[in-house]
Amino acid sequence: MKKLIALVLAAVMMLGAVACAAKPAASNEAEKPAEQGKVFNIYAWNEEFKGFFEKYYKVPEGVTVNWIINPSDNGVYQQKLDEALKNQASAAADDKIDMFLAEADYIGKYVESDYTMDVASFGFQNAPTQYEYTIKAASDNGVCKGVSFQCCPSALIYRKSIAKDVLGTDVPEEVQAKLDSWEKFEAVAAEAKAKGYYMTASFAETFRVFSNNCTSPWVVDGKLHFDDQINAWIDQTEKFVQNGYTLTDGVWGEEKAAQMFADGKTMCFFGPAWYFNFCMGNAIDPEKGCAGDWNITMGPQAHFWGGTWLLAATGSDNTEMLKDIFETFTSNEEVCEKLVVNEAQYPNNTKVVEKFANDPTYGNTTILGGQNDIAEFSKLAGSIKWENHTNYDQLLNEGLQTALQEYFKGAVDKDTALNNFYKYVNETYPAIVTP
Amino acid sequence: MAKQIRSELGGRRHRSVSYAKWGYIFITPFFLVYLVFTLVPQLLTVYNSFFENYMDGLKQIGPTFVGFKNYITLFTPDKTGTIDILKYAGNTFILWILGAIPQFLIALLLAVFFTSYRLNIRGQGFFKTVIYMPNLIMASAFSMLFYTLFSNIGPVNQVLQSMGILDQPLDFFASKITVRSLVALMNFLMWFGNTTIVLMAGIMGIDQSLFESATIDGANAWKVFFRITMPLLMPIFVYCFITAMIGGIQMFDVPQVLTNGKGMPDRTSFTMVMYLNNFLQTSKDYGRSGAVSVIIFVITAVLGGIVYKTLAAQYQDPDAKKAERKARRLAKKGGNA
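Respectively, the protein sequence lines represent chains G and D. The opening position of the first sequence corresponds to residue 1 in our numbering, with each subsequent residue numbered one higher. The opening position of the second sequence corresponds to residue 1 in our numbering, with each subsequent residue numbered one higher.
Some hints here could point you the wrong way.
Only pairs whose alpha carbons sit at most 30 Å apart, straight line, appear in this in silico DSSO-like list of lysine-lysine [unchecked claim]:
1) D:K69 to G:K423
2) G:K409 to G:K265
3) D:K128 to G:K414
4) G:K164 to G:K195
5) G:K351 to G:K338
6) D:K176 to G:K409
7) G:K136 to D:K59
8) G:K355 to G:K385
9) D:K79 to G:K223
10) G:K423 to D:K79
These stretches of chain G come out as covered by chain D in the derived footprint (C-beta under 8 Å, 3 or more residues) [what the hints assert, rightly or not]:
11) 77-84
12) 102-115
13) 254-261
14) 388-402
15) 418-424
16) 429-435
If you want a taste of the chain G side facing chain D, the calculated C-beta under 10 Å gives, among others [claimed, not checked]:
17) N213
18) L247
19) D249
By construction, these hints were calculated from the structure, which means they are not laboratory data. Where a beta carbon is used, it is the ideal one built from N, C-alpha and C, also for glycine.
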């Protein structure tokens, strides 16, 4: 019996020892001098920026770059990132996050926290060529914590051949004149329907156009709040679905994406420059695609969509590299030009933008058949305002769309759909009071 | 000689050798692991369920002791009068039973066929492997596959449209009947093979002479099944049923992946564990998710108890023996005749 007890105790002690060993020794390295680390850890939610980084940034010799990629869907990226940030203080120097990516919908959550650090602390200065709103979005009371490598004015992307059939023209200025308000947009939708086309391929296609023009945030005094623009989107979508002007797939859905093939019947999509690479793969499919049959114009309302910011994580021991990366993707004109030419991006550098906008030889040939997209986008970029954002935006926007999709598909009535949205809000953000 | 060696080894004499201690030593690791990884977390869950404790963005709220508040919240009806947790418990039960009925019927049938000395099916190894196969695929991969198959632009809709059965794609994920049926179908496909194998083992444990003598007596296949196979299989059957039920109560992966965590439409394929999972995602709400876990635990315990009492009690102990005796009597009579 004694032996048994001894054995049990020994086993328990061993377990304890293992547990302790697994926990890294409390770090005394917070005050480390400027010596630079050998491992650079980046958290991201997809491979988009990774591609640019690997192509256009020269990693200093001896430094290993680690990408930790978790999908953004259902807030998974934020969950994983939050867990890692919580352990940031106690993590070993090489395991600390050095830089992480954040999207417009939740960047505030990190910028306002102590998990991000002032870019001035490692000598980075925002250049006057960066768009004002990209700096404002990454700043907490004037302290800037990161940069964006892109600017995301979003436009109406239309199928030229369908526009020609429905509107009688495919010239951007003339199309714009026929679609510059929601009333006209709806009238055209009816005409498109009459000719057997869809106006949009997703019930949520116009969501961003409305939501970016909100005059109040999602949460007011701790209570969930529906802005007039959100209500306007719901009303319009109701009409569009009832009249068959739109398909009922989600914005990221396959059914919607399939509409970008040549045999698609949809006239309008909405998106910024990143949309070309990220969402329009089907349009440039060599066999089934219709590259060149697309043009962009402003559409009913100016808006922007998304954007990826690079934030400096507090505790990073690779501050020189951080500074270098930030500079490369904002003020290195050579890199910014490559982003335009090779990657169809709209860079966060007004000087480069102006150069392309005024260059008669430049045009987007992969998708837009040679239209100068930079010139179009630059007309919209100036009007982007950064206001009425909350840290809850990503999941509230997603949650509302998911809940209402059931209503638009006819599975439930509107009250039930909204009720399910409130339930989702309660589960996701217990602090928000729902109606 | 032997004495000499023993004294050289240390001079100790063993009067008797007890192997009992080895038994304890061998089971110790299990109990330690159970204690650390199951019992302690289980008790902590109960403890946590009495606290308000969640994340609001990066801000930690609590933990504050709130008594039974989390339980009261869970059982408070919403505006339309539905109590969510009960609705999800109902969903879970429906999703499970829809799959479990065919699962047990088919498994029983196959088990009887495979063990029947009269049918003597050839290539049994092959069939057993094939029916077990779906269980080897990860549930999430299986769900993804079904999601792709049955999506609006998936092959099933394409085939139905090209055959002229449908003129518009049928949205399988907009109706609760289709979503629930898909979940049930997948659970059935994944588990009937497993159940078949276990039930076969149970049937093979029954004395073959009972079957033979019953047949000689002129009992038909139905009689043999209900009078001999079923009663003697009951302990194994109940074991299968209870484990399947516990698995069913904890159903998560299939509906979660198939509906992308939404349990659409109108949360009618939303299970209790998906509910629990929702609390643990962004909000990290240990209080309410703890309360949901405790409720799941209570439901499991109660249902397990009921099933055990009603199904097993009839056949076990005196009654089971009675049934066996009855069967033997029958067999003996057959032998004499």
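Here's how the hints hold up against the structure:
no., hint, in the structure
1, D:K69 to G:K423, "holds (17 Å)"
2, G:K409 to G:K265, "holds (19 Å)"
3, D:K128 to G:K414, "violated (49 Å)"
4, G:K164 to G:K195, "holds (12 Å)"
5, G:K351 to G:K338, "holds (14 Å)"
6, D:K176 to G:K409, "holds (13 Å)"
7, G:K136 to D:K59, "holds (22 Å)"
8, G:K355 to G:K385, "holds (23 Å)"
9, D:K79 to G:K223, "holds (17 Å)"
10, G:K423 to D:K79, "holds (11 Å)"
11, 77-84, "holds (count 3)"
12, 102-115, "holds (count 4)"
13, 254-261, "holds (count 3)"
14, 388-402, "holds (count 4)"
15, 418-424, "holds (count 4)"
16, 429-435, "holds (count 3)"
17, N213, "violated (25 Å)"
18, L247, "holds (9 Å)"
19, D249, "holds (7 Å)"
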